[in-house]
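Chemist: If you want the building blocks of each chain, they are given just below.
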Amino acid sequence: MDLADSPEDAEFRARLREWLGKALPALPPKPSPDDWPGRRAYDLGWQRTLYDAGYADVHWQASPGVRLIFLEETERAGAPYVGAGFVGLLHAGPTIAAEGTAGQRARWLPPILRGEEVWCQGFSEPGAGSDLAALRTRAWRDGDDYVVSGSKIWTSHAEVADWCELLVRTDPEAPKHRGITWLAMPMDAPGITVRPLRTLAGSAEFAEVFLDEVRVPVGHRVGEENDGWRVTMVTLSFERGTAFVGEVVACRRVLGELAVEARRNGRWDDPALRRRLGGLNAEFRALWRLTQWNVSEAEAAGGLPGIGGSVFKLRYSQARQDLYDTAADVLGDASLDTDRPWVHDRLSSLSYTIAAGTSQIQRNIVAERILGLPKGR
Amino acid sequence: MRFRLTEDQRALRDGVRALLARRFDRAALRAAVDRPGRLDRALWRELGAAGFFALRLSEADGGVGLGLPETVLAFEEAGRVLLPGPLVATHLAAGRVPGAAEGETVVTAVDGGGLVEWLTAADVVCGAADGAVPLRSVDPLTPLHRLPGGSAAVDPVAVLLTAAEQLGTATRACELAVQHARAREQFGQPIGAFQAVKHLCAELLVRVEVARAAVYAAAVTADPADIAAARLLADEAAVRGARDCLQVHGGMGFTWEADVHLLLKRAWLRTRRAGGGTESEELLAADLLSRAAR
Ligand SMILES: Cc1cc2nc3c(=O)[nH]c(=O)nc-3n(C[C@H](O)[C@H](O)[C@H](O)COP(=O)(O)OP(=O)(O)OC[C@H]3O[C@@H](n4cnc5c(N)ncnc54)[C@H](O)[C@@H]3O)c2cc1C
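In order, the protein sequences belong to chains A and W.
Those letters in the first sequence? Residues 1 to 377, by my numbering.
Those letters in the second sequence? Residues 1 to 294, by my numbering.
For reference, chain A alone in the conformation it holds in the complex:
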């Protein structure tokens, strides 16, 4: 058991730190959360900066350990997060890299790395959330095209996306996991209507996407027809693996700020609150160690994050909500003022036990796939 950087890792860390020290002061000001075109430009601009410095493909090429250092250092330095690049860099991109043809890789991967194209994820539907395989958006073959009709929901970044990784049903007769196909759909194709949905935090982070006989070339299919479920599962673990690393580092910083604020406003003298902060310190230290453990295990297993990601996600999503509930207790009445820091984060923390597989679904996964308990009838 070793927590220290290897000489190569230490060198990577030092070089990255030095580069961040130079690159970050040159960043443009952060756009407001409601300025979507501004946010897209900002996030893509950062990705381009990473590309020029040779860090763009760190999520794909590098070992999990190097990825961890990258996420840790960028967060520590206050660098932007992937933002609108999330699906392209952490989901659709790795899927295409693993399952796409040479031509598909050449067409779609470089623009993701260079920060030129944004992807969104069209998986969930009104009738297919936790039970994703029940999706009903249909696709028919018509010559060299698929014709797609149906609707998707909760599609993050749909308004600013160029491409959508889309799951469609190509064989309604087959068992539900076997009739699904993975398509790359250009978001400017005729027949697509995007209707933004307002979240409880007031902003429009996600949208409904209506598809009315949208034509998608057969060449945009990744993997075989009706093999889309397997294609998706290959990379779904990415989302639950290292996706939250930077956030854990950020939570630890917030915790320190909370302590300072509590000390300033006098609530530090309340032993119950103080001990809760101490308990959260334990919690986030442990989550950081669990991340290091999972990454080391993944590295030993050849790179892919395993179902250990479900264990992490279950605990982390709860811890994040506890953190911001505690922040509200530190703030007191000010926790009702949405202009105060942490109040918006408290609202957005509520999605963590739902998005990317609810906590109940994660518990099913842990119980059935790790502990080997029988599936319910």
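What the hints contain is simulated information worked out from the structure, not anything from laboratory work.
Treat the hints with care, since some could be wrong.
[Stated by the list, open to error] Non-contacting residues of chain W with respect to chain A, defined by C-beta distances greater than 10 Å in every case (computed):
hint, residue
1, Arg35
2, Ala49
3, Arg56
4, Ala121
5, Ala132
6, Ala153
7, Val210
8, Leu246
9, Ala292
[Claimed, not checked] Away from chain W, derived, C-beta distances all over 10 Å, residues of chain A:
hint, residue
10, Tyr55
11, Arg178
12, Glu297
13, Arg340
[To be verified] Derived Cβ-Cβ restraints for the label pairs, each shown as a range:
hint, chain 1, residue 1, chain 2, residue 2, range
14, A, Asn265, W, Arg22, 57 to 63 Å
15, A, Glu297, W, Ala60, 53 to 59 Å
16, W, Gly251, A, Ala328, 39 to 45 Å
17, A, His344, W, Gly251, 56 to 62 Å
18, W, Arg22, A, His344, 54 to 60 Å
19, W, Glu257, A, Glu297, 34 to 40 Å
20, W, Ala153, A, Arg264, 29 to 35 Å
21, W, Gly131, A, Glu8, 55 to 61 Å
22, A, Ser156, W, Ala153, 50 to 56 Å
23, W, Arg2, A, Gly38, 40 to 46 Å
24, W, Pro134, A, Leu347, 52 to 58 Å
25, W, Pro134, A, His344, 44 to 50 Å
26, A, Asn265, W, Gly188, 56 to 62 Å
27, A, Asp171, W, Gly188, 33 to 39 Å
Note that CB positions come from ideal geometry on N, CA and C, so glycine has one too.
Place chain W with the ligand on chain A using the hints.
Modeler: For chain W with the ligand alone, coordinates are given in the frame of chain A:
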């Protein structure tokens, strides 16, 4: 960074596990429950011969010359089978009290909180135990005395090794719960197919894995804040784990015959060591301010 067990660490853990499976199986555990207050001296010497108490003593001093990580793995195994006796105190006394390292001398200590485990059976007591009053211990496998004043300084290594024992007990609670959930049938199916039971088991595992990462990391860094964190998470994993394990066992869980109560009682007892978890929470709260000031 390679934060996983090395081959040697795996071998050491398996060796301790095999020794304990041979010398302290379930029959031995139940026999110990039936003979309260009696320590198995032969087993104690065997542990000594295997190096259990001398793991961190240098080879020059007749020890094994290993570190905290290996010691934590050994104590985790002890916690897994609920091995009775003042293991932490004797381990800490190795090299300082003659015979402790070899398992010839049983050493106990006055805990920071004022409790003394195994006072009557021990050969040597570290700290002044005069005036200690016996308690009717809630844990049938740990006789207890209590000092009116108490509160000596707390050794962080003792806290860490206790956390390692809690981790082992938590792991055992998870294993027992899952075994029972697979085997016991109601309404024509294993109770483990019911989601309410399934989710209890999943949370058991999550707490174990989070505690494991914290305990192993604290063993590597030996940082006081990491040790405090390990303690809090391991206490939680053991106590809540044993509670949930009890719930999964239904009426059987409330009996003396089932082992579940032994897990819970020992876990409760260990949470009181070193003044309880409050100290650790305060340490970690203070750590937030000092890190923010840096
Ligand atoms: C902020 C945010 C962003 C998102 N972004 C995207 C995106 O970009 N693309 C995309 O495709 N999707 C996205 N989603 C959708 C997300 O994946 C789904 O919301 C999630 O999978 C749950 O599906 P659902 O909302 O239909 O809830 P439901 O599946 O209807 O669940 C409702 C409740 O029932 C419980 N439940 C359901 N089934 C079971 C079961 N078998 N056992 C026990 N309990 C069960 C759930 O845990 C939950 O508590 C996003 C969601 C959020 C909140």
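Chemist: Taking the minimum C-beta separation from Val210 of chain W to chain A, is that value above 10 Å?
Modeler: violated, 5 Å
Chemist: Per the stated criterion, does the least C-beta distance between Ala292 of chain W and chain A lie above 10 Å, as a non-interface residue requires?
Modeler: violated, 4 Å
Chemist: Against chain A, does Ala153 of chain W keep a CB gap of more than 10 Å to every residue?
Modeler: holds, 20 Å
Chemist: Could you say whether the range 56 to 62 Å given as a hint is met by the Cβ separation of His344 of chain A and Gly251 of chain W?
Modeler: This hint is violated: roughly 49 Å between Cβ atoms.
Chemist: Say whether it holds or is violated: Arg35 of chain W keeps its Cβ farther than 10 Å from all Cβ of chain A.
Modeler: Given that every Cβ of chain A is farther than 10 Å from that of Arg35 of chain W, nearest at about 35 Å, it holds.
Chemist: A cut-off of 10 Å on Cβ-Cβ distance, and Ala121 of chain W was said to be off the interface with chain A. Does that hold?
Modeler: Non-interface label stands for Ala121 of chain W: nearest chain A Cβ at 34 Å, farther than 10 Å.
Chemist: Far enough from chain A: is every CB of that chain over 10 Å from the CB of Arg56 of chain W?
Modeler: Given a closest Cβ separation of 15 Å, the condition holds.
Chemist: Regarding Arg2 of chain W and Gly38 of chain A, is the given constraint of 40 to 46 Å on their beta-carbon distance met?
Modeler: holds, 42 Å
Chemist: So is Arg178 of chain A really clear of chain W, every C-beta pair being over 10 Å apart?
Modeler: Holds, because the least Cβ-Cβ distance between Arg178 of chain A and chain W comes to about 24 Å, which exceeds 10 Å.
Chemist: Quick check: does the Cβ-Cβ distance between Ala153 of chain W and Arg264 of chain A fall within 29 to 35 Å?
Modeler: holds, 32 Å
Chemist: Report holds if the minimum CB distance from Leu246 of chain W to chain A is greater than 10 Å, and violated otherwise.
Modeler: holds, 18 Å
Chemist: For the pair Ser156 of chain A and Ala153 of chain W, does the Cβ-Cβ distance stay inside 50 to 56 Å?
Modeler: holds, 53 Å
The structure fails hints 7, 9, 12, 15, 17, 25 (numbered hints given earlier, in ascending order).
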